[in-house]
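There are 2 protein chains.
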Amino acid sequence: MRAVDIIIKKRDKRQLTTAEIEFFVRGFTNGDIPDYQASAFAMAVMLNGMTPTETTDLTLAMAHSGQVLDLSDVVDIAVDKHSSGGVGDKTSISVLPMVAACGLPVGKMSGRGLGFSGGTLDKLESIPGYRVDLTTDEFKKQLKEKGIVLTGQSLDLAPADGKMYALRDVTGTVPSIPLIASSIMCKKIAAGAQAVVLDVKTGLGAFMQTMDEARELADLMVAIGRLAGRKTVALLSDMNQPLGAAVGNALEVIEAIETLHGGGPADFREHCLHVAAHVLVLGQCAKDLNEGRAMAEKAIADGSALEKFRVLVQAQGGDVSFVDDMSRFERAKYVEVVNAPRNGFISQIHARIVGEASVALGAGRAKKGDPVDHAVGFVIHKKVGDQVQKGEPLLEIHANDEEKLVEARKALLSAHQLVDESVPPLPLFYE
Amino acid sequence: MRAVDIIIKKRDKRQLTTAEIEFFVRGFTNGDIPDYQASAFAMAVMLNGMTPTETTDLTLAMAHSGQVLDLSDVVDIAVDKHSSGGVGDKTSISVLPMVAACGLPVGKMSGRGLGFSGGTLDKLESIPGYRVDLTTDEFKKQLKEKGIVLTGQSLDLAPADGKMYALRDVTGTVPSIPLIASSIMCKKIAAGAQAVVLDVKTGLGAFMQTMDEARELADLMVAIGRLAGRKTVALLSDMNQPLGAAVGNALEVIEAIETLHGGGPADFREHCLHVAAHVLVLGQCAKDLNEGRAMAEKAIADGSALEKFRVLVQAQGGDVSFVDDMSRFERAKYVEVVNAPRNGFISQIHARIVGEASVALGAGRAKKGDPVDHAVGFVIHKKVGDQVQKGEPLLEIHANDEEKLVEARKALLSAHQLVDESVPPLPLFYE
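Going down the list, the sequences are from chains A and B.
Note that my numbering numbers the first sequence so that position 241 is 241, with each residue one more than the last.
Note that my numbering numbers the second sequence so that position 62 is 62, with each residue one more than the last.
Honestly, the hints are just simulated from the structure, not real lab data.
This structure is a prediction, so every number in the text was calculated from the model and none was measured.
Misleading hints may appear alongside valid ones.
No farther apart than 25 Å at their CA atoms in a straight line, the calculated lysine-lysine pairs in the DSS-like style are these [stated by the list, open to error]:
#	chain 1	residue 1	chain 2	residue 2
1	B	163	A	9
2	B	367	B	410
3	B	404	B	333
4	B	404	B	367
5	A	367	B	9
6	B	9	A	9
7	A	9	B	13
8	B	367	A	9
9	B	146	B	287
10	B	298	B	146
11	A	382	A	410
12	A	163	B	9
13	B	410	B	333
14	B	13	A	13
15	A	367	A	163
16	B	404	B	368
17	A	146	A	287
18	B	368	A	9
19	B	287	B	144
20	A	287	A	231
21	A	13	B	9
22	A	382	A	333
23	A	404	A	382
24	A	287	A	144
25	B	144	B	231
26	A	368	B	9
With the rest of the complex left out, here is chain A:
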């Protein structure tokens, strides 16, 4: 078997066999197949596509390019949850404690923010001491003993994916749906997931900007899950406007904690309950979504979800006093309230512009390895469909630099569109 023949086959739109895909991934991982062949292959896949069977083969080959976690001695059923990324998406931070409080152990490996989209690890690091670099053994031990883990991805999981992603980033082959789907799913499988709830975001602030793309990605990941023998559910959720009110690392953790307290913005709370219900059903803790939702609501109401979060923070070395006294979180130097410039109804809060403005403030990173400012960000008071009066507070900007504050104000005002006629609110979920 030769790498060039596999590239030619995909170039000519023919379907690759399992053996061919395994040969290619194995060769790429161990260095026998050089980057220049892998990038030509990625471009051929980008332009000619892959069938669900090929994509599943690619997913499994990448999952098995390194260690594959076996959690069967730790939990009855390992459920994972994945969001395709967006602005203000702090769902994992609230949902994991909710479902863990309902008796379903959950361990999750999250990522860092890149581009306009935030990352769970950056957010959690707002809590001093919180470790996101657990070893595999620590992961398994904590999952068994505490029933909840939220850490970074081990370096030894799916190394082919990390190598391939770095190459795709510089060769124009990022937005290939089979490559995105296999990259997401191989990490879930390598991390030991037997069931996965996928939260695929669509809209202005998502990587999948159209509903068609989002649905294609969701369908493909569900197909991979089925072919790979993993129970998989995909939700299509809105990312035209930011999720919840807070955008920024500490601000989002505060909002997630408030939500565990029974507060928080209505849309975010609703989003979390819906995702939690799916996780509980997939994890065989609830017989249907209604029961799952009721269990999650109860975990909030009786304080057990918040208590699980406290357990999580403590187990991973974080300062638990931050959970009980949120005023301890680092505050930005400047907090400016921006008022509505006119009367009207909010017709758009452009999530991507908000996300990019938060990166410019310092909350995210333009390139890998950039430092992150945990204190800065936004709190957005209104949602699409809300009516506002001129002079009424629209949002808050938290900044550590006056010049950046001015830029952020300009960007946030441009992200908000106000119209005279009333506008229906955006749905939380599409499907």
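Position chain B relative to chain A; hints supplied.
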């Protein structure tokens, strides 16, 4: 400007600007743009194509990636001739002396054989001492003083093309018509050509197997020539059966010399006269093809073409006694005559099978750097359309190894198809 954005633009089927193409070729040549970006780019071009304007920009950028020969102080008009490669194609060896004898100085840089297709340099090296590694200064000096040069390509010409070709070979991006066209034309332009006669082969023994592909390549190269300010003519010629009778290095040189003597196979002589006429017209030595052809015929008849070949061989250090006494060429150990297995008409002599059989005998190379056996090959007595009687000699095999001889006989008999009904001969040229 970033390489990845240029790749993305081509991935998305948008047209690249001159500046973008120059940036990419310059960066690739000097190593700023790594192979893995160039191969992704090549695959995007392979699958999404390039306009004639883009291909011309690519051609000129690659031509200028190294030294560009200026022959204006040496000749009035530098005419070059290029064949897209085939089996039994020794045209340059006969045509260059013909046109040089007519007073048109011609210098040509040729290539080596690869795969089933022979190479002019390998053939010429059948003459002991013949140098194919002239320096640029030697090239210019000989062109000025002798009016004829036939050597290998200088290493400093179009280095981007050499680098790109090596990459295409291992990334499945060889059969891209814009990449083939720019690779051919950039070398012609770098070698100083102001006018080019292109002999594009089509058929079973050509790289362009269908007429449509051959025409597309020819049209694109003519368009590049026009956009780059070079007079360019393209001929479409047949490569379903081998050209002439001889296939193999020394055997082809002998046939080329016989042709300069006024002998040689009718089809090869006709092919050479036609190509020579075009070269003479483009070089402004003849007012039309009829005059050009008459001039070339006269150069054969009066011995001046053969004398020019003698001058060429002597100038490049070759043993001239081989030109005058062809029995001096190395002979293979075994020469076997293969007779027709039945009565009939020849309907096919599959050029690719013949070419591959000659490589297997040792006349060509499977990969770069392999040694070549100059003595071995075939002399094919009949052409498509000829009638043969059972037992009549069909061809000769020249071999240095008995086992290979047996294999070659099998292959050559399978390449020849005999049918009962009469078959029209194949045309030499299509357009």
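Going down the list of hints, with the structure as the test:
1. Straight-line distance between C-alpha atoms of residue 163 of chain B and residue 9 of chain A comes to about 24 Å, which keeps the hinted pair within the 25 Å bound.
2. The suggested pairing of residue 367 of chain B with residue 410 of chain B holds, with an alpha-carbon distance near 23 Å, which does not exceed 25 Å.
3. Pair hint residue 404 of chain B plus residue 333 of chain B holds up; C-alpha atoms about 12 Å apart against a cutoff of 25 Å.
4. For a cut-off of 25 Å, the pair hint linking residue 404 of chain B to residue 367 of chain B stands: about 19 Å separates their Cα positions.
5. At roughly 22 Å between alpha-carbon atoms, residue 367 of chain A and residue 9 of chain B fall within 25 Å of each other, so this suggested pair holds.
6. Simply put, residue 9 of chain B and residue 9 of chain A have alpha-carbon atoms about 24 Å apart, close enough for the 25 Å limit, and the pair holds.
7. With a CA separation close to 21 Å, the supplied pair residue 9 of chain A and residue 13 of chain B stays within the 25 Å bound.
8. Taking the CA atoms of residue 367 of chain B and residue 9 of chain A, the gap is near 22 Å; set against the 25 Å cutoff, the hint holds.
9. Proposed proximity of residue 146 of chain B and residue 287 of chain B is supported: the alpha carbons are some 24 Å apart, at most 25 Å.
10. A threshold of 25 Å between alpha carbons decides the hint, and for residue 298 of chain B with residue 146 of chain B the separation of about 20 Å falls inside it, so the pair holds.
11. Between residue 382 of chain A and residue 410 of chain A, the direct Cα distance comes to roughly 17 Å. Compliance with the 25 Å bound is thereby established for this hinted pair.
12. About 23 Å separates the Cα atoms of residue 163 of chain A and residue 9 of chain B, which keeps this hinted pair within 25 Å; it holds.
13. For the given pair, residue 410 of chain B sits about 19 Å from residue 333 of chain B by alpha-carbon distance, which is consistent with the 25 Å threshold.
14. Restraint check: the Cα-Cα separation between residue 13 of chain B and residue 13 of chain A comes to about 18 Å, which is no more than 25 Å; the hinted pair holds.
15. Distance hint between residue 367 of chain A and residue 163 of chain A is fulfilled; the C-alpha atoms sit about 17 Å from each other, no more than 25 Å.
16. Pair hint residue 404 of chain B plus residue 368 of chain B holds up; C-alpha atoms about 21 Å apart against a cutoff of 25 Å.
17. Among the hinted pairs, residue 146 of chain A with residue 287 of chain A is consistent with the structure: their alpha-carbon atoms are about 24 Å apart, no more than 25 Å.
18. Only pairs whose Cα atoms come within 25 Å are accepted, and residue 368 of chain B paired with residue 9 of chain A is accepted, the gap being roughly 24 Å.
19. Between residue 287 of chain B and residue 144 of chain B, the direct Cα distance comes to roughly 24 Å. Compliance with the 25 Å bound is thereby established for this hinted pair.
20. For the proposed pair residue 287 of chain A and residue 231 of chain A, the alpha carbon gap of about 15 Å is at most 25 Å, so the pair holds.
21. Distance hint between residue 13 of chain A and residue 9 of chain B is fulfilled; the C-alpha atoms sit about 21 Å from each other, no more than 25 Å.
22. In summary, the hint linking residue 382 of chain A to residue 333 of chain A is supported, as the alpha carbons are separated by about 24 Å, within the 25 Å threshold.
23. Of the pairs offered as hints, the one joining residue 404 of chain A and residue 382 of chain A holds, with about 22 Å between alpha carbons and a cut-off of 25 Å not exceeded.
24. Using a Cα cut-off of 25 Å, the hinted pair residue 287 of chain A and residue 144 of chain A holds, with the two alpha carbons roughly 24 Å apart.
25. Of the pairs offered as hints, the one joining residue 144 of chain B and residue 231 of chain B holds, with about 22 Å between alpha carbons and a cut-off of 25 Å not exceeded.
26. The suggested pairing of residue 368 of chain A with residue 9 of chain B holds, with an alpha-carbon distance near 24 Å, which does not exceed 25 Å.
Going down the numbered hints, you'll see the structure goes against none, and every one checks out.
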